[in-house]
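Q: Position 7 of the sequence shown, counting from 1, maps to 7 under my numbering, and the rest follow consecutively.
All the pointers check out, no bait thrown in.
Pairs of lysine-lysine residues, derived as PhoX-like cross-links and limited to a Cα-Cα distance of at most 20 Å, are as follows:
no.: 1; residue 1: 19; residue 2: 36
no.: 2; residue 1: 29; residue 2: 19
no.: 3; residue 1: 29; residue 2: 17
Calculated from the structure, these hints are not laboratory results.
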Amino acid sequence: MKLNDLMPNEGKIKLPKRKGHGNSAGQGKTAGRGTKGQG
Numbered sequence: 001m002k003l004n005d006l007m008p009n010e011g012k013i014k015l016p017k018r019k020g021h022g023n024s025a026g027q028g029k030t031a032g033r034g035t036k037g038q039g
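Starting from the given sequences, assemble the full structure and let the hints guide the process.
A: Here it is as structure tokens:
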């Protein structure tokens, strides 16, 4: 067995959240930055 033979378990791969891609995507508008204040 080699390292390139290993595969993650089925259902364990989650794609990262794509921030700032519209309000219906769940991370639109402020893209996880909150509303006010520095940053």
